[in-house]
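Colleague: We have chain A; now place chains B, C and D onto it with these hints.
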Amino acid sequence: MTLPLTEEQEMLSRSVAEFVADRASITQFRAWRDRTTETAFDSALWREIAEMGWCGIAIDEAYGGSALGYSGLALVLEQFGRHLSITPMNATVLAGATAISLMGSETQKTSWLPAIVDGSLTLSLAWGEGAHFAPFAVATRAEKTAQGWQLSGVKHHVEDLSSVDRFIVVARESGRPGDREGLGVFVVPHDAKGVSVEATPRVDARQCGTLTLDDVVVDDGCRLTGVTSVALERLAGVINAGLAAELLGICEETFARTLKYLKERSQFGKLIGSYQALQHRAAHWFVEVQLARTIVQEALLALDRARDAEGYRQADMLCSMAKAKLAQVAELSTNEAIQMHGGIGMTDAFDIGLYIKRARVLEQAYGDQHHHLDRLAALEGY
Amino acid sequence: MTLPLTEEQEMLSRSVAEFVADRASITQFRAWRDRTTETAFDSALWREIAEMGWCGIAIDEAYGGSALGYSGLALVLEQFGRHLSITPMNATVLAGATAISLMGSETQKTSWLPAIVDGSLTLSLAWGEGAHFAPFAVATRAEKTAQGWQLSGVKHHVEDLSSVDRFIVVARESGRPGDREGLGVFVVPHDAKGVSVEATPRVDARQCGTLTLDDVVVDDGCRLTGVTSVALERLAGVINAGLAAELLGICEETFARTLKYLKERSQFGKLIGSYQALQHRAAHWFVEVQLARTIVQEALLALDRARDAEGYRQADMLCSMAKAKLAQVAELSTNEAIQMHGGIGMTDAFDIGLYIKRARVLEQAYGDQHHHLDRLAALEGY
Amino acid sequence: MSDSFRDEVRAWLAAHCPPSMRVAPPEISHLYGGGRRAKVWHPDQPAWCAAMASRGWTVPEWPVEYGGAGLSREHAAILREEMRRIGAQQPLFSFGISMLSPVLFKFGNDDQRRRFLPDIARGAIRWCQGYSEPNSGSDLASLMTRAEDKGDHYLVNGQKIWTSYGDEADWMFCLVRTNTSVPKHEGISFVLFDMNTPGVTVRPIKLISGASPFCEVFFENVRVEKTNRVGEEGQGWAIATYLLSHEREMISSLGKIRHDTDPGRRALEIFGTDGEGRLRNASLRQTLARYQLDAAAFRLWIEHGERHPSASAGMGAMSSAVKYYGTELNKRRNELYLDIEGADALLWDARGPAGEAWARNWLRSKGNSIEGGTSEIQLNIIAKRVLGLP
Amino acid sequence: MSDSFRDEVRAWLAAHCPPSMRVAPPEISHLYGGGRRAKVWHPDQPAWCAAMASRGWTVPEWPVEYGGAGLSREHAAILREEMRRIGAQQPLFSFGISMLSPVLFKFGNDDQRRRFLPDIARGAIRWCQGYSEPNSGSDLASLMTRAEDKGDHYLVNGQKIWTSYGDEADWMFCLVRTNTSVPKHEGISFVLFDMNTPGVTVRPIKLISGASPFCEVFFENVRVEKTNRVGEEGQGWAIATYLLSHEREMISSLGKIRHDTDPGRRALEIFGTDGEGRLRNASLRQTLARYQLDAAAFRLWIEHGERHPSASAGMGAMSSAVKYYGTELNKRRNELYLDIEGADALLWDARGPAGEAWARNWLRSKGNSIEGGTSEIQLNIIAKRVLGLP
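Which chain is which? The protein sequence lines are A, B, C and D, in order. First residue of the first sequence? That's 2 in the numbering used here, and the numbers climb one at a time after it. First residue of the second sequence? That's 2 in the numbering used here, and the numbers climb one at a time after it. First residue of the third sequence? That's 4 in the numbering used here, and the numbers climb one at a time after it. First residue of the fourth sequence? That's 4 in the numbering used here, and the numbers climb one at a time after it.
With the rest of the complex left out, here is chain A:
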């Protein structure tokens, strides 16, 4: 009883699935994981993806996008989740382009968004400074100078950092870490003086690491003009809804693969899927995935429909709900998937165990389950 896709969405979803199975499947994931180079993603693959038009799905037509909204972008992310595809979509499009769309001036949007759409500009959002998402706990400083702005600080867990063209840096113009206001957002070229990066291997085989800004100077045009605490929260909401969509792909894929295994593997002379204890757990799991899909769909719809403060408030709440629920269902899904596969489920050679690594990274990013349950309670007033 989850919402049906529109014809347009159906087509999109199918073409992404076909493309990904061919060009960004788990086989390609393994090859990429075992690479020796230090690049964060496959640029050739990214150009192909851009040519398919998927970078512009949630971007206004005025800037070269197709304005299918976040509901559309989510279909791409869901397929990426199912196939563990490694692309800069989250960093560049979900986080980067959204930051510019939400907070950039007309000039800024015109100069950057079309390049994102055509795949020629890649970005990474450098916001968090600790192990847990805390949107306003930003200590990185931005000082106004004669030349523009001078940035100093250290950002952790920055994605794709060796390969992106620019960083979107959240920095403090005034106040103290934790203050809701006083933050600015700056678009910083990778090759600017004072920028240094250090990559760290992560369980999901994606690249992330530490970005150090050592008196980096950027001009005024690199400072997004519409930054407010509310806009930053909206940005976090969009990102979380997108991460929830990728998690949904993981939940569905692990469920489907496990269901298949239950119908194939025999022990004690019977298919293991005929054992009632596993049947009941599979049935419960199935229902949870249905609810997960529902809440993600609703959050995306709310984002695409929001026009006024009340609409944004609703969407914000639903994005936190979606992230919290998907973290919970992804934990259930990846744990059950391994357990029901038994020994083979814990081996690296078999694909099912790979999903848990990507899932936990997505769960943690931009607020884990506890963060969003806490937000939910706070938004509900208790």
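Among the clues, some could well be false.
To be verified - Using C-beta positions, here's what the derived DEER-type ranges look like:
(1) D:Lys-209 with A:Met-53: 51 to 61 Å
(2) B:Ala-63 with D:Arg-388: 47 to 57 Å
(3) A:Ala-310 with C:Val-26: 24 to 34 Å
(4) A:Ser-267 with D:Pro-201: 52 to 62 Å
(5) C:Ser-23 with B:Arg-31: 38 to 48 Å
(6) A:Ser-267 with C:Lys-42: 51 to 61 Å
(7) C:Lys-42 with B:Asp-220: 56 to 66 Å
(8) B:Arg-31 with C:Gly-280: 43 to 53 Å
(9) C:Gly-280 with D:Ile-89: 13 to 23 Å
(10) D:Trp-15 with B:Val-231: 37 to 47 Å
(11) B:Thr-7 with A:Ser-267: 49 to 59 Å
Hints were generated in silico from the structure; no laboratory data involved. Everything numeric in this text was worked out from a predicted model, so none of it was measured. For glycine and all other residues, C-beta sits at the position ideal for the given N, C-alpha and C.
Modeller: Chains B, C and D only, in chain A's frame:
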């Protein structure tokens, strides 16, 4: 792998079980529940229990008790839990006698404890004033007067209140509700001027209700001399360990009855206990009951062994752990018991559904699961 | 077009739904059930039911000839949304509507539809089901109540149990065994009869909640005309399976009744906040947030199904999932209320601010995952019919 | 008497256990395993093992003639308590001790005991087990590795999987099929052989944690002397069942290793407190308290069993319960650490303050409820053997 009983404990447990099956079984519980009188308990039964010596188990030999400790008293409470026996044991002995033992002067102990042991004095502790246990949130006032002390206030959820001889009233001598210090404890005769009671039916068919103290005057000798916040917390700890022991009886009895039912009831031509989903749930439940027994045993041992501040601190912590764990396992036990019995489990005519009512009352009394988890976290320093 | 229909509904409800009918009753059993001996829990209930029935809105999607309003699924959803918006009480709680009518539409003949449906729509006749038997709970198909062929009628002997509101109903739809010499699923038929027929005895069953919403019903040589058999002889099991999916939807929909007492607000009133505006009972706060999250996801899931016919195409197969999750959620909600209300909720007669009977509702909720097919049976069905497990 | 023994132990440990051996290793696989090609994770490990072995304390309850100290159960418990008090590292992590030795004591002959036990006690020979096969996981008795009778020896052909540390072990104890014409449980025997025997090939299996603690082992015409068969031909299944209960105990005991990082303290460091001294992450706080409660109850349960021989009389039957709960708890603990450490814990090489490899330990823990019999198998065993369900 739970601790074995000593020979003495074994004998005690067996004789209680035999007595209760004969004199305070569920049949008697039903008869009592459907009574028309307003008495809180069966006085004849209580005299018999006193004659068995069970009121003095945890009381010093100097006052007529047998000094078998709380580990001993718990064996009685556990059997009462298994049979849903209605007696004033919790109010009079577990709460009342313990309050006097812990906080009374030599004179006070000598004048009241022997009468508790021989069954001639019944008590009820009037402490809480709200729906949730909050040991220091006491607004009832105690003012020093020329005649002694004058008490005014309203106490809720006071047990057995129409039938007990005296109330042990916690009242505030100084400070404001919530302050840890400034409380006094007074032994107030039921027939003192200004005492009024109003009983309210409760789900477990025990009597409880509201005690109103309207300028009640008692003499100095009725004020326990050793009251401190620490002593009051120790009192709460003992009570919670005792309630946990009664809950343990409920967990074990509901488990045993359900296990029996699983071996008797057939559906689809097979015993329902042969269905793997139920087997796995029963097995998990069994392990939880083992852990429940373990933590209750450990709390009682700690209470009986505590000699110094560190020992009392340990015991306090274990009492909260025991109560929290037993609340959790009793919830599991009573819910699973009804669900596995199916239709018959929800009927009043069948015994299994009665346990859930008593269980929730015990869980709530002197702090529910959330209260004790919170305490546990606080005692652990986080 | 939809918007003008919405405006029309809104205006009509504003004019015809009295304030007293804009709150949920304190217990589910206090919804109005209609019938020859209708129990009235609030004096405004009969008029509210009659007003709704006069518009055909007790059964909005039924054809007008049978007492419905002939609304499209989309319009019916708008009506439900508007009712929910003002908290309008369900005007008629009826197994005739939720369970029997789908069977009559699909398996009944014209004569049966004309005879029974209009009385169901306006709540003139109240129906109960005769399904479970003492030894046939989850294993329903093993039922033993016997209907002996006497030419133009059957003679029914046996016993049913767990018949909801059997003591208040006027007619029963009942599964009986018409053939004992074929496999158990093939010898069952589906018959209708008046509870006043000689030989029918009803005995209420008291539940742990103190209420008696279920009965035992005994049959001794009860005469049932063959014209009151729905479908063919031996087709009873197919009808039962079809009907049970509707029963499951109905039971799980009970979980959707929104009490006016919001648990979060209530917890705030009782525990207050800490220095940072958070519920002082930090442990309860997490439990509460987890519940509210799952409840919201469940509610949206149902709503998506209602809003989009194609999304609920597989609804028949999904009713077990709805029944399972909805009833488990309802049990969680009731346990949560106990956590919030504490010892007060365990007094037999205590009532919440919206009149909720905390203790009784909590105890009653334990039956939700048993009646209408246990959670275990629903999980079996999901595993086999939805997931295709062996 | 006990007290003087306790004093003696305490003094000896104070003198002989170096500070480096008073912390748990960062990963369980970094415990010292001994053997001909012993892997040394810390330079002090071999000496610490040798010192303990010289007292007979690697196997305190074994008779002195086999390298033990002949301690009573009570004294052995005191030794364990004192070691735990100072956080002493287990000197020898050995399947020879935990799994093979109970079998040799019960089913082996004198010659076998004399040949194998002393080398096990001092860690001279490291053992691995040959149990599961690709198509015989939970259904172990369906194993197909064939041992052909050649008079004074067998010729073994087949394949094992999930052999822990198969690449580091010197000898294997192995289940083989010696008779294919009897029911599957009756044709199995239990044999011992050197991993250097020609025809034995070992291939490590890489896990999701990146480590390879398990191997596949292939046998091609491997010669095994009949004097190395333990028990009678066909008695292998009885031995396996006996041994598995010891394996379960061993695996669940892994959960008892106390890392120096207390999760509560760590959470405080990371999140700080609110105005009332409570952990700022209120939702995590409840999860943490629930975990600590269950972990404490589990630890006490094990300790009660250790302290009171009569309490653990049924330990054999209970080992499934211990294995089930202990491994599930260990998985919970590892998930909890992720909640506390956040994104940092998901870096491959990140280490906690006590050197814990968060990510790798977490991924490794997922195998705990699979290896040595899945949680599902343990629940089956509890249901049937402890609860007597059909």
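Colleague: Evaluate each hint against the coordinates.
Modeller: For each hint, the structure was consulted:
1. A C-beta distance of roughly 35 Å is found between Lys-209 (chain D) and Met-53 (chain A), which places it outside the suggested range of 51 to 61 Å.
2. Remark: the range hint 47 to 57 Å for Ala-63 (chain B) to Arg-388 (chain D) is upheld by a beta-carbon distance near 49 Å.
3. Look at Ala-310 (chain A) against Val-26 (chain C): about 30 Å separates their beta carbons, and that is inside 24 to 34 Å.
4. At about 34 Å, the CB distance of Ser-267 (chain A) to Pro-201 (chain D) disagrees with the hint of 52 to 62 Å.
5. Taking 38 to 48 Å as the suggested C-beta distance range, the pair Ser-23 (chain C) and Arg-31 (chain B) conforms, at roughly 39 Å.
6. Distance hint for Ser-267 (chain A) and Lys-42 (chain C): a CB-CB separation of about 56 Å, consistent with the stated range 51 to 61 Å.
7. Taken as a hint, the range 56 to 66 Å holds for the pair Lys-42 (chain C) and Asp-220 (chain B), whose Cβ atoms sit roughly 58 Å apart.
8. About 49 Å separates the C-beta atoms of Arg-31 (chain B) and Gly-280 (chain C), a value consistent with the hinted range of 43 to 53 Å.
9. In this structure the supplied range 13 to 23 Å is violated for Gly-280 (chain C) paired with Ile-89 (chain D), their Cβ-Cβ distance being about 46 Å.
10. Restraint check, Trp-15 (chain D) to Val-231 (chain B): a C-beta distance of roughly 40 Å satisfies the suggested window 37 to 47 Å.
11. For the pair Thr-7 (chain B) and Ser-267 (chain A), the beta carbons lie near 51 Å from each other, so the given range of 49 to 59 Å is met.
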